[in-house]
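Top to bottom, those sequences are chains S and R. If you're matching positions, the first sequence starts at 1 in the numbering used here and goes up one per residue. If you're matching positions, the second sequence starts at 379 in the numbering used here and goes up one per residue.
Simulated from the structure, these hints should not be mistaken for laboratory data. Please note that a few of the clues may not be correct.
To be verified - Cut-off 30 Å, straight-line C-alpha distance, at most; resulting in silico cross-link-like pairs (DSS-like, lysine-lysine):
no. : chain 1 : residue 1 : chain 2 : residue 2
1   : S       : 201       : S       : 136
2   : R       : 433       : S       : 51
3   : R       : 468       : R       : 428
4   : S       : 251       : R       : 433
5   : R       : 433       : S       : 147
6   : R       : 428       : R       : 418
7   : R       : 390       : S       : 222
8   : S       : 51        : S       : 261
9   : R       : 433       : S       : 313
10  : R       : 390       : S       : 243
11  : S       : 136       : S       : 243
12  : S       : 261       : R       : 428
13  : R       : 400       : R       : 418
14  : R       : 468       : R       : 400
15  : S       : 147       : R       : 390
16  : S       : 251       : R       : 400
17  : S       : 346       : R       : 390
18  : S       : 313       : R       : 428
19  : S       : 83        : R       : 428
20  : S       : 147       : S       : 243
21  : S       : 261       : S       : 243
22  : R       : 433       : S       : 83
23  : S       : 201       : R       : 418
24  : R       : 390       : S       : 313
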Amino acid sequence: MNAPQKVSEAIAAPVGILAELTHRCPLACPYCSNPVELDAREGELDTETWKRVFSEAAAVGVLHAHLSGGEPASRRDLVEIVKHCHDVGLYTNLITSGVGISEARMRELADAGLDHVQLSIQDAEAESADRIGGYKGGFARKMDVAKWVNEVGIPLTINAVIHRANIARAGRMVEFAVELGARRVEIAHTQYYAWAYLNRKALMPSREQVEKAVAEVEAMRKTYAGKIVIDHVAPDYYARYPKACMGGWAKRTLNVTPHGKALPCHAAETIPGLEFWNVRDHSISDIWFNAPAFNAFRGDDWMVEPCRSCPRKHQDYGGCRCQAMALTGDPRNADPICHLSPHHDKVAAIAATFEEVDANVPAADYVYRTLKTQAPVA
Amino acid sequence: MSEPAAISSDSKPHLPRGMHLKHDATRGEWLLMAPERVLKLNAVAVEILKRCDGKATLGEIVDQLAAAFAADRERIETDVRALLAELAAKRMVDL
């Protein structure tokens, strides 16, 4: 079923695979990065297929396996999958809400060879956290899971997505991560794709709030030097140049959805006309080197001006293709975050919506993430 | 880089769980695998980290390297301290 392998020397091996084992999740965070149209349980890849995917990934040079979702613990075969990843030499990272992990299961995961746990928190306060996640008691469960991760000796990262309802505690979340025994903390301001895009009005903080929060977290690098590593993703609306999104399109990592579709990034399906291959039909190696969607924005032949003649084109690769698509209607355009983009005014318009946010006026209700009902159109 | 912290010569550096040295066959190089990070290691760093087993003290590691590579002990000690201080700041080595 696979075409003969044509290994291009120009394409470097992938370093990471993000496996969305399932889109099922007990939480309903309104900024979830999963697509608005979620994959149903029926049609999820089975255990043997996932094992083959990880074996193929390791063989082609992947180093890190990120087991994600949805909530990966919603898969009954999670321990078996972790063990397989470990056996084929992958560094295995579990990205979890913590809900669905008991103390016994944590020990099984540790014995299976799990290397790292990234635990999300929705806020540093229980009531607010449970409201944001749409799951009562979730916060308390996470506190237990953090304790068990420490007990089995696996390094812990705390991940906090920042938005209007918790931005006042952005700095507090760093302290809280230290209290939970984390070695790393990710403070990530919401990126407005997928569910977060639907909920933009309810999630967006004011510019003043953003600036205060960013300064607060940056100041903590000094306070906690050697104690916790802070990874800080600040909003890019005020930047002069775009970020090297994904470290370049199909240059470092690939995603696999619950139903087996291989994507260069989790928002890639928002770009019309791309042909994605499924791991049911193609090996990871075949997908990485030959899938049309992966080759669509490799190199620089696809670029248009101002990127084409730009001296920074191999530094930032023109920024994010999905953002270019969303804001300019053409994924080949420069990411309009760039001040050289002729569409930069679109970003200024978004930045201006921050200015209009009045932090004293209550935010709108969330459209909670759900598999069951069709999400309303924004 | 910032001033290397004063690490005691009696400290027994080791890689905590979740950190490992890996020889990567695909790329033909030594890597330090870390949570969400991969560090490419040069030959000196590999020799140092191979000896960070939680049993050998920093002083013993320097002695071993000086003997193995017939090199100046003081220079080796500077290298070892600089590497360990840098990795400890990233929470990648425990002292």
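We went through each hint and held it up to the structure:
1. The straight-line distance between the Cα atoms of residue 201 (chain S) and residue 136 (chain S) is roughly 24 Å, inside the 30 Å bound, and the hint therefore holds.
2. Between residue 433 (chain R) and residue 51 (chain S), the direct Cα distance comes to roughly 37 Å. Violation of the 30 Å bound is thereby established for this hinted pair.
3. Among the hinted pairs, residue 468 (chain R) with residue 428 (chain R) is consistent with the structure: their alpha-carbon atoms are about 18 Å apart, no more than 30 Å.
4. Of the supplied pair hints, the one linking residue 251 (chain S) and residue 433 (chain R) is violated, its CA atoms being roughly 40 Å apart against a limit of 30 Å.
5. Proximity of residue 433 (chain R) to residue 147 (chain S) is assessed by CA-CA distance (about 27 Å); at most 30 Å being required, the pair is judged to hold.
6. With a CA separation close to 14 Å, the supplied pair residue 428 (chain R) and residue 418 (chain R) stays within the 30 Å bound.
7. For the given pair, residue 390 (chain R) sits about 26 Å from residue 222 (chain S) by alpha-carbon distance, which is consistent with the 30 Å threshold.
8. Simply put, residue 51 (chain S) and residue 261 (chain S) have alpha-carbon atoms about 15 Å apart, close enough for the 30 Å limit, and the pair holds.
9. Restraint check for residue 433 (chain R) and residue 313 (chain S): not satisfied, since their Cα atoms lie roughly 48 Å apart, outside the 30 Å limit.
10. Note on residue 390 (chain R) and residue 243 (chain S): the hinted pairing is violated, with a Cα-Cα distance of about 40 Å set against a maximum of 30 Å.
11. The suggested pairing of residue 136 (chain S) with residue 243 (chain S) is violated, with an alpha-carbon distance near 36 Å, which exceeds 30 Å.
12. For the hint linking residue 261 (chain S) to residue 428 (chain R), the alpha-carbon distance of about 40 Å lies beyond 30 Å, and the restraint is violated.
13. At most 30 Å may separate the alpha-carbon atoms for a hinted pair to count; residue 400 (chain R) and residue 418 (chain R) meet this at roughly 10 Å.
14. With a C-alpha separation of about 18 Å, the suggested pairing of residue 468 (chain R) with residue 400 (chain R) holds against the 30 Å cut-off.
15. Between the alpha carbons of residue 147 (chain S) and residue 390 (chain R) the distance comes to roughly 26 Å, so the proposed pair stays at or under 30 Å and holds.
16. Restraint check for residue 251 (chain S) and residue 400 (chain R): satisfied, since their Cα atoms lie roughly 21 Å apart, inside the 30 Å limit.
17. For the given pair, residue 346 (chain S) sits about 55 Å from residue 390 (chain R) by alpha-carbon distance, which is inconsistent with the 30 Å threshold.
18. Between residue 313 (chain S) and residue 428 (chain R) the alpha-carbon distance is near 39 Å, which puts this suggested pair outside the 30 Å criterion.
19. Distance restraint check for residue 83 (chain S) and residue 428 (chain R): the Cα-Cα separation of roughly 25 Å lies within the 30 Å cut-off, and the hinted pair is therefore satisfied.
20. Taking the CA atoms of residue 147 (chain S) and residue 243 (chain S), the gap is about 35 Å. The hint is violated against a cut of 30 Å.
21. Distance hint between residue 261 (chain S) and residue 243 (chain S) is fulfilled; the C-alpha atoms sit about 26 Å from each other, no more than 30 Å.
22. A threshold of 30 Å between alpha carbons decides the hint, and for residue 433 (chain R) with residue 83 (chain S) the separation of about 29 Å falls inside it, so the pair holds.
23. With a C-alpha separation of about 43 Å, the suggested pairing of residue 201 (chain S) with residue 418 (chain R) is violated against the 30 Å cut-off.
24. A distance of roughly 45 Å separates the Cα atoms of residue 390 (chain R) and residue 313 (chain S); the hinted pair therefore is violated under the 30 Å criterion.
In summary, the numbered hints that this structure violates are 2, 4, 9, 10, 11, 12, 17, 18, 20, 23, 24.
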